[in-house]
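Enquirer: Now for the letters of each chain:
There are 2 protein chains.
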Amino acid sequence: MLKAIIFITLKESVLDPQGVAVKNSLHTMGYQTVADVRIGKRLEVVLDTMDLQKAEEDIRIMCEKLLSNPVMENFTFEIEEVDESAICSSNLSGI
Amino acid sequence: MLKAIIFITLKESVLDPQGVAVKNSLHTMGYQTVADVRIGKRLEVVLDTMDLQKAEEDIRIMCEKLLSNPVMENFTFEIEEVDESAICSSNLSGI
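Chains H and F are the protein sequences, given in the same order.
Residue 1 is where the first sequence starts when you use the numbering used here, and the numbers rise one by one after that.
Residue 1 is where the second sequence starts when you use the numbering used here, and the numbers rise one by one after that.
Derived by calculation from the structure, the hints in this document are not laboratory data.
One should not assume that every hint holds.
For identical chains, the list gives no copy identity; a pair is met inside one copy or between any two copies.
Result set (DSBU-like, lysine-lysine): computed pairs, CA atoms no more than 30 Å apart in a straight line [stated by the list, open to error]:
1. Lys54 with Lys65
2. Lys3 with Lys23
3. Lys3 with Lys54
4. Lys23 with Lys54
5. Lys41 with Lys11
6. Lys11 with Lys65
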């Protein structure tokens with residue numbers, strides 16, 4: 001199996017109100033050195049295939065069509081092999 | 001300046017309904033090989049300091065007290081040096 005780790009971040013020119021709120025909270029907590037906070041997403045997508053090239057193409061299209069908003073966000077991803085048994089044991093632990 | 005990249009992920013034993021919804025959407029789009037989706041956060045926190053040790057301590061406490069929910073989530077982070085001018089130019093571009 002392959003696991004894609006996908007990072008979705010707001011483009012630099014886009015204001016991040018959630019990040020501003022977190023920055024203000026950190027200032028209130030006493031962390032005055034915090035200069036900027038930006039909040040993005042990290043997704044793990046496990047694919048039941050070993051075809052790396054096809055997986056890269058698929059993940060790119062998934063990001064463009066569903067996972068990210070190309071107008072406001074950038075995405076990057078990396079794909080690694082994972083041990084099938086490790087995934088099954090965490091997903092199917094109730095069976 | 002230092003930039004902390006923080007990853008916040010749900011613990012393995014915690015159900016991820018948002019991830020399940022995305023997995024179902026990907027299946028509907030025709031990507032039947034998608035076996036699992038887990039969604040977490042990626043935060044960038046810029047600190048106006050060069051004291052790496054203090055920054056590590058601060059970021060750890062920020063994660064424990066504000067940025068993550070220790071009951072349901074794990075966090076990891078890495079800290080890197082960043083060029084001050086690059087940060088100022090993106091933050092203060094309107095001035």
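Enquirer: A separate judgement is required for each hint: does it hold in the structure or not?
Expert: Cross-check of the supplied hints:
| no. | hint | verdict |
| --- | --- | --- |
| 1 | Lys54 with Lys65 | within (16 Å within a copy, 41 Å between copies) |
| 2 | Lys3 with Lys23 | between (32 Å within a copy, 14 Å between copies) |
| 3 | Lys3 with Lys54 | within (13 Å within a copy, 34 Å between copies) |
| 4 | Lys23 with Lys54 | between (40 Å within a copy, 18 Å between copies) |
| 5 | Lys41 with Lys11 | both (13 Å within a copy, 16 Å between copies) |
| 6 | Lys11 with Lys65 | both (17 Å within a copy, 28 Å between copies) |
When held up to the earlier numbered hints, the structure conflicts with none and fits them all.
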